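Undergrad: Read off the chains here:
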Amino acid sequence: MAQVKVTSPDELLAALPHVLGFTPTESVVTVPLGSELPVARIDIPKNAEDRREVARSLQNGYVHHVGRERGMLALVCVTEDRRAARATSEALADAFDRIGVDTPLRLWATSDRWTDLSSGKTGPRSVESVNRMAAEAAFHGRLPPAASRAALAEALIGDPMPVAAALGGARTLAQQIPAGEQHAWAAGRLAQFHEDGRSLSDPEAARMLVALESKPTRDVLWVDMSRGNSAQHVELWSDLTRRAPDEVRAPAASMLAFAHWLHGEGAQAWVALDRIPPDTEPYTMAALTATMLERGAHPDVWEDAKATLVDSEAFVPGRPGQGPGRAMPTSQPAPDRRAPGI
Amino acid sequence: MDEQTTNESVGTWLSSLERRVRHMLGSAHINRPSVTVIDWVHDAARNPVLARLGIDSDD
Chain D
1 MAQVKVTSPD
11 ELLAALPHVL
21 GFTPTESVVT
31 VPLGSELPVA
41 RIDIPKNAED
51 RREVARSLQN
61 GYVHHVGRER
71 GMLALVCVTE
81 DRRAARATSE
91 ALADAFDRIG
101 VDTPLRLWAT
111 SDRWTDLSSG
121 KTGPRSVESV
131 NRMAAEAAFH
141 GRLPPAASRA
151 ALAEALIGDP
161 MPVAAALGGA
171 RTLAQQIPAG
181 EQHAWAAGRL
191 AQFHEDGRSL
201 SDPEAARMLV
211 ALESKPTRDV
221 LWVDMSRGNS
231 AQHVELWSDL
241 TRRAPDEVRA
251 PAASMLAFAH
261 WLHGEGAQAW
271 VALDRIPPDT
281 EPYTMAALTA
291 TMLERGAHPD
301 VWEDAKATLV
311 DSEAFVPGRP
321 GQGPGRAMPT
331 SQPAPDRRAP
341 GI
Chain H
1 MDEQTTNESV
11 GTWLSSLERR
21 VRHMLGSAHI
31 NRPSVTVIDW
41 VHDAARNPVL
51 ARLGIDSDD
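These protein sequence lines are chains D and H, in that order.
Throughout the first sequence, residue numbering follows the working numbering, covering 1 to 342 in sequence.
Throughout the second sequence, residue numbering follows the working numbering, covering 1 to 59 in sequence.
Derived from the structure by calculation, the hints contain no laboratory data.
Small disclaimer: the values here were computed from a predicted structure and weren't measured.
Among the hints, erroneous ones may be present.
What the hints assert, rightly or not - Computed list of chain D residues with no C-beta within reach of chain H, every gap over 12 Å:
hint, residue
1, R68
2, E80
3, P144
4, L156
5, D274
6, D279
Claimed, not checked - Quick partial rundown of chain D residues pointing at chain H, CB under 7 Å, derived from the structure:
hint, residue
7, V4
8, V19
9, L33
10, V39
11, R41
12, E53
13, V54
14, G264
15, A267
16, G296
17, P299
As the list claims (entries may be wrong) - Each pair of labels, with its calculated beta carbon distance range:
hint, chain 1, residue 1, chain 2, residue 2, range
18, D, R171, H, V49, 50 to 56 Å
19, H, A45, D, S148, 21 to 27 Å
20, H, V49, D, V66, 35 to 41 Å
21, H, A45, D, E213, 32 to 38 Å
22, H, V49, D, E80, 25 to 31 Å
Note that CB positions come from ideal geometry on N, CA and C, so glycine has one too.
Could you build all of it, start to finish, from the sequences and the hints given here?
TA: In structure tokens:
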């Protein structure tokens, strides 16, 4: 997919919603210049203590991605508070300099103007740039951004009643059939979704959510994920997270969060984790995904880890619906361990 | 190979993967994130290309 070319601060600001998937407000956004560093967004800190914490968090995330040559980032503070923008921009510029990242472009943006904090140049934010960036994004097949980060969260809230009504039948069925049959059905239904993209009916959704409660079944669906099919997994698990009643939502929301992370979408992954009901038993997959997100881990970690394990432990997971791959010497799967806070 | 063996293999594989990922991240523990939640975007294709850094005012 071609990258969008911007030639002014106004255009850069207009491009940000399409990069993030939502329109940022009261935020700091870091945008790589001429490198493959990741983009990051964080709430703009309002006091010195929070600025130090934000600087530390961004340093800890970026330091893993900086290579031998110095990196370059644009720092964009989107806020109506000029003092917060200036103080944050200076604090982050110093913090990035210490880990080998230059910040030659530092902008402050309000809802209607931008200011270059280094040169003092200023200019209006234009509708023309907003429209041009929207047209470019649409041309490249990207979905329109959400109006806000909160709107991303709201989009994951659906009506759980139809699936709730089918849960009893799904549980009865799960008790009546061998575990292997349930496992094979779930893997086959995922394979079918990959083929035709057809949404699960309410009874199918209920059966899939019940099947996911079995960790061996969930694991087979999990290892099917790759950077190549993450968009399809996002589509499937978004749908199920929206429709899942509280009692069966944690596994689906965790799968969705992991798929979003694999797709490079940090905010959407956090929002998915937030859909896990607070009184749910700690769920290791959610905690592991949260750690990846917190550390700014690149999705290639997943493919690298799979490749390394394939080399060293002689296991190639089979595609769902296509039977197993080669097996390594067996032992019992590790039980899901409790993780603090999730 | 029966279904049970397959399931156990995948479970064991994921447990190993989890340990390995944590090792790569330098993290020995799973923690709930601190108050500073960062939204990372790891997709170079989405990054805008700045045609030039000598950006002029639109005024």
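Undergrad: Hints first: check each against the structure and report whether it holds.
TA: Results of checking the hints against the structure:
1. R68: Label holds. Min Cβ-Cβ 18 Å, cutoff 12 Å.
2. E80: The claim holds: D:E80 sits with its nearest Cβ about 20 Å from chain H, beyond 12 Å.
3. P144: holds, 14 Å
4. L156: holds, 15 Å
5. D274: It is violated; D:D274 is separated from chain H by about 10 Å at its closest Cβ, not greater than 12 Å.
6. D279: holds, 15 Å
7. V4: Holds - the Cβ of D:V4 comes within 7 Å of chain H, reaching about 5 Å at its closest.
8. V19: Constraint on D:V19 satisfied, holds at 5 Å.
9. L33: holds, 6 Å
10. V39: For D:V39, the interface hint holds, since the closest Cβ of chain H sits about 4 Å away, which is under 7 Å.
11. R41: Holds - the Cβ of D:R41 comes within 7 Å of chain H, reaching about 4 Å at its closest.
12. E53: It holds, given that the least Cβ distance between D:E53 and chain H is near 5 Å, below 7 Å.
13. V54: With Cβ-Cβ at 6 Å, under 7 Å, it holds.
14. G264: holds, 4 Å
15. A267: holds, 4 Å
16. G296: With a minimum Cβ separation of about 5 Å from chain H (threshold 7 Å), the hint on D:G296 holds.
17. P299: holds, 5 Å
18. D:R171 x H:V49: 50 to 56 Å: Given about 52 Å between the Cβ atoms, the range holds.
19. H:A45 x D:S148: 21 to 27 Å: holds, 24 Å
20. H:V49 x D:V66: 35 to 41 Å: violated, 20 Å
21. H:A45 x D:E213: 32 to 38 Å: holds, 36 Å
22. H:V49 x D:E80: 25 to 31 Å: holds, 29 Å
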